[in-house]
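**Student:** Single-letter residue listing:
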Amino acid sequence: MKTPILQTVIRLLMPLFFLFSLYLLFRGHNEPGGGFIGGLIASIAFVFHAMVFDSRVTIRVFRLNPMRLIAFGLSIALLSAFIALLFGDPFTTGIWADFYLPIIGRPGTPVLFDVGVFVLVIGIVTQITFTMSTL
Amino acid sequence: MVFAVVAGFILSTIIPLIHRIVPRISGLIFSILPATLFIFFASKIPQVVAHNTITQSYNWIPSLGINLSFTLDGLSLFFALLITGFGLFIFLYANSYLKGHKYFDRFFIYLYLFMSSMLGLVLSENLISMFVFWELTSLTSYLLIGFYNESETSRKNALQAMLVTVFGGLAMMAGIILTGIVTGSYQFSELLNSSDIIKEHAWYTPALLLLLIGAFTKSAQFPFHFWLPNAMAAPAPVSAYLHSTTMVKAGIYLLARISPIFGNTPEWQTILTTVGGITMLTGALLAIQYTDLKKILAYTTISALGIMVFLIGIGTILAIQAAMVFLLAHALYKGTLFLVTGNIDHETGTREVNELSGLSKKMPYTAYAAMLAAMSMAGVLPFFGFIAKEILYEAAIHFSAGNILIIAAVFLTGAIFCALAIEIGYAIFFGRPKETPKKAHEAPKLMLGGPMLFATLGLIGGLFAEFLIQPLLGSSAKVVLNVEHVLKLSLWHGFTLVLGLSLATILVGYLLYRVRFRIRYIAKKIQPAYKYGPAAGYQKLIPGLLSVATAQTRFFQNGNLRNYISTIVGFFSVLIIATVFIKQLNFDIWNRLTSISDIRIYEAVIIALIVIAFYVIVTSKSRLTTLVSLGVLGYGIAIIFLFYGAPDVAMTQFLIETLTVVLFVLILHRLPSFIIKHKFSGWGYLVLSVVFGMVMTYLLLLVTDHPVQSELRSFFAQNSYPLGKGKNVVNVILVDFRQLDTMGEIAVLGIAAIGIYAMFKVKHNEEIK
Chain Y
0 MKTPILQTVI
10 RLLMPLFFLF
20 SLYLLFRGHN
30 EPGGGFIGGL
40 IASIAFVFHA
50 MVFDSRVTIR
60 VFRLNPMRLI
70 AFGLSIALLS
80 AFIALLFGDP
90 FTTGIWADFY
100 LPIIGRPGTP
110 VLFDVGVFVL
120 VIGIVTQITF
130 TMSTL
Chain F
0 MVFAVVAGFI
10 LSTIIPLIHR
20 IVPRISGLIF
30 SILPATLFIF
40 FASKIPQVVA
50 HNTITQSYNW
60 IPSLGINLSF
70 TLDGLSLFFA
80 LLITGFGLFI
90 FLYANSYLKG
100 HKYFDRFFIY
110 LYLFMSSMLG
120 LVLSENLISM
130 FVFWELTSLT
140 SYLLIGFYNE
150 SETSRKNALQ
160 AMLVTVFGGL
170 AMMAGIILTG
180 IVTGSYQFSE
190 LLNSSDIIKE
200 HAWYTPALLL
210 LLIGAFTKSA
220 QFPFHFWLPN
230 AMAAPAPVSA
240 YLHSTTMVKA
250 GIYLLARISP
260 IFGNTPEWQT
270 ILTTVGGITM
280 LTGALLAIQY
290 TDLKKILAYT
300 TISALGIMVF
310 LIGIGTILAI
320 QAAMVFLLAH
330 ALYKGTLFLV
340 TGNIDHETGT
350 REVNELSGLS
360 KKMPYTAYAA
370 MLAAMSMAGV
380 LPFFGFIAKE
390 ILYEAAIHFS
400 AGNILIIAAV
410 FLTGAIFCAL
420 AIEIGYAIFF
430 GRPKETPKKA
440 HEAPKLMLGG
450 PMLFATLGLI
460 GGLFAEFLIQ
470 PLLGSSAKVV
480 LNVEHVLKLS
490 LWHGFTLVLG
500 LSLATILVGY
510 LLYRVRFRIR
520 YIAKKIQPAY
530 KYGPAAGYQK
540 LIPGLLSVAT
550 AQTRFFQNGN
560 LRNYISTIVG
570 FFSVLIIATV
580 FIKQLNFDIW
590 NRLTSISDIR
600 IYEAVIIALI
610 VIAFYVIVTS
620 KSRLTTLVSL
630 GVLGYGIAII
640 FLFYGAPDVA
650 MTQFLIETLT
660 VVLFVLILHR
670 LPSFIIKHKF
680 SGWGYLVLSV
690 VFGMVMTYLL
700 LLVTDHPVQS
710 ELRSFFAQNS
720 YPLGKGKNVV
730 NVILVDFRQL
740 DTMGEIAVLG
750 IAAIGIYAMF
760 KVKHNEEIK
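Chains as they are written, first to last, in numbering that gives the first Met the number 0: chain Y, 0 to 134; chain F, 0 to 768.
No lab work stands behind these hints: they were computed from the structure. Be aware that one or more of the hints could be misleading.
Unchecked claim - Mimicking DSBU-like on lysine-lysine, the simulated pairs with C-alpha atoms at most 35 Å apart in a straight line are: (1) F:K101 / F:K620; (2) Y:K1 / F:K620; (3) F:K360 / F:K539; (4) F:K360 / F:K523; (5) Y:K1 / F:K760; (6) F:K726 / F:K101.
Unchecked claim - A short, non-exhaustive set of chain F residues, derived as facing chain Y with CB atoms under 10 Å: (7) V573; (8) I575; (9) V579; (10) T657; (11) I755.
The structure displayed is predicted, hence computed values, not measured ones. The beta carbon of each residue, even a glycine, is placed where N, CA and C say it ideally should be.
Please put together the full structure from these sequences, using the hints given.
**Tutor:** Now the structure itself:
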């Protein structure tokens, strides 16, 4: 589906997709959203891009390595669960900071965990899509 | 102390990076960690010898009594020193041995992970966390044994080692849980006080047997011994590290650790001495039959592990002391000999004893290490091996109470050890040099440091045992015995029966050495009988298991999606209908259906859309139309979710629907033509789906009619903000309250992605070929 109109539109929409996905990710704790949904939005951006440009182009342009994203996401999620041990709390206890950051809000291990889920979901969806589309 | 365990896990992640930046000296940098850890543990010796145990505890899952607690007492310190001390020289050795190998950095990652798991195992104070580390050592040893992953034998043997040890690990886990149920605790310190409760409980024997299976598989006891010789497919440093000095001793460690809790009963003594005794003798008898140096060493290791199990089984003060002394002596000489074998293999290209002779001129330093280690193995005065042999004989004589069979078994094992020691330490280094596949020359310095040091330690340890080794081993044995005792190590006991036996061993060993060719000739003739041994059982068991699994998979997963769905749906419907009838789950269905009156107009529109989409899907002749209609149907359902206050679910549904459609469009041209082949008529499916729909509707109405009394909903609603710091309850449940579940789910997602990749790419590559 290599139409110039779609290609231009997608190229313009990509940043919006990413912004929106991040927005959903960080507001997830209080409003509908979260890492899974945010990750899906971001990966939909990649999938659309792959659809109108060809997935090889997408991989090259964004330097995507889905397998690494999966590993990275899982590691972040795992790490967030271990942080509590440093504070003497049981594994996976939520640890929260006492201050607020712009955009992110109050940093805490559940947010970090959600970021891990976010990255992992992007990795998985792009991995599956690219595998299937580059057969 | 916790950092000592965790450091390796964390640092292993930056190994590839370091290797990329400074590839020439990376191996030396990697060796800093074991060196540091060794110094750390060595600095704790005075404290521990003074019987101060150091404990550190972290809550893991306190509600289940599972803690991440580490303790440093005599026993764990002894093992920690073995692990880090050997580790250091193994690291240096591997640095040379694998120089330039394309997976050099990978090898060190595995080693780091293994070393940390092993440290975790011996330092854990909690049975469950010990079990976790125990399994980690099985996994990492799988990676290390299969390091030469291009060789099929290497992969097969790695798998075998893992299957056997993981099988044992599973049994052990059951044993641990039984113990936990009986005593209500998983902490060793608390278990020590409930020793009597366990021993008098009806579950004592099953729990003990299960734990022993774990220890026996790990420490290669008969009949699980066969994995160890096969694990010799690993690179030499791995064999020296895992399969002689550390991992195979994990089973011994476990036995020593639980001995004050489970030990000193007739069952304990009978099982351990029998299994240990059989292993000791079988290992020795097998060892002398082979000519491959690594095989010889592997079987003598099995035999040595048998001796340790035997001694722990006896359980007297003397026997436990003997076990500890023998463990150290064995680690020193066997670690050396494995590394020596690595040198010989590396520099001459062969490990066959028949092809090796007169190497001492070309490899003088290797020869020095081999000779010293061999003398310790043979139990020659004044080596540390001599002390170990003396104390072993003494313990055996006390235990045997005149039973000549036990003495004979120990004696024969000792004699065979001696014969093989002469072969390794003398025969291959002296005499007329033989042609070898590679032109023999001395190994690089880093590959000599370790073996020469360990071999020399075997001599120094013997000469100054009283000062160097006695305190730590004494404190280590105290943990096993749980009573005060005095360990006295000395070279000279005067002219006793034990000394006589010791000398006789060397004499008989020499005679066996002289007739070794004849023994091997006879052994060749009886070896066909081995095909009925335990290894053959494994060889039969695994293909059998696989063929059952294949048949089962073929039956349930025949590749026809319609079959799967109708099986699942049909089975589900039958179960539900049967349950409803048997349990008489009735409600006023008419009342419920008529009370659904307040349907709003937009709800009706959505429902109508869904029905139309559904009709199009069923009747459409084009795949694209079907796809789009499926999307419409999914969106409709998502909107319904939105109406009923589940925005998160609705949002996810929207995205998944979008992705599914896009994904299908991407691969549309790859799919086969759109023909529906019905196995049975469309009416059959229609009936099935209508029945299923009715069952589901009935079930939903039934469930909402009998609200479940659950405090979960109110708990989550009330605590989401105060405890989870979030107002979105769904998200808080996902990332905080049930984080562990989510972790499992995302891990499964990752595995699924890898599976899809493998399935598509492997098939694709095969097609290209």
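**Student:** Go through the hint on V573 of chain F and say holds or violated, using the shortest Cβ distance to chain Y against 10 Å.
**Tutor:** This hint is violated: V573 of chain F lies away from chain Y, its Cβ roughly 34 Å from the closest one there, beyond 10 Å.
**Student:** Less than 10 Å between beta-carbons is the criterion; does I575 of chain F satisfy it with respect to chain Y?
**Tutor:** violated (30 Å)
**Student:** With a cut-off of 10 Å, does the beta carbon of T657 of chain F approach a beta carbon of chain Y closely enough for the hint to hold?
**Tutor:** T657 of chain F check passes; min Cβ-Cβ to chain Y is 6 Å, inside 10 Å.
**Student:** When you check the alpha-carbon spacing of K360 of chain F and K523 of chain F, does it fall within 35 Å?
**Tutor:** Since the Cα atoms of K360 of chain F and K523 of chain F sit roughly 33 Å apart, the hinted pair holds (cutoff 35 Å).
**Student:** Hint check: K1 of chain Y vs K760 of chain F, CA-CA at most 35 Å. Holds or violated?
**Tutor:** holds (25 Å)
**Student:** Given the hinted pair K101 of chain F and K620 of chain F, is their Cα-Cα distance within 35 Å?
**Tutor:** violated (54 Å)
**Student:** For the pair supplied as a hint, K1 of chain Y and K620 of chain F, is the alpha-carbon distance within the 35 Å limit?
**Tutor:** holds (27 Å)
**Student:** Given a cut of 10 Å on the nearest C-beta pair, is the interface hint for I755 of chain F held or broken against chain Y?
**Tutor:** Constraint on I755 of chain F satisfied, holds at 5 Å.
**Student:** Does the alpha-carbon distance linking K726 of chain F and K101 of chain F stay inside the 35 Å limit?
**Tutor:** Roughly 52 Å separates the two Cα atoms, so the pair is violated.
**Student:** Given the proposed pairing of K360 of chain F with K539 of chain F, does the C-alpha separation stay at or below 35 Å?
**Tutor:** Not satisfied, since the Cα-Cα distance of roughly 47 Å exceeds 35 Å.
**Student:** Holds or violated: is the Cβ of V579 of chain F closer than 10 Å to a Cβ in chain Y?
**Tutor:** At about 35 Å, which exceeds the 10 Å cut-off, the nearest Cβ of chain Y leaves the hint on V579 of chain F violated.
Hint violations for this structure: numbers 1, 3, 6, 7, 8, 9, all remaining hints satisfied.
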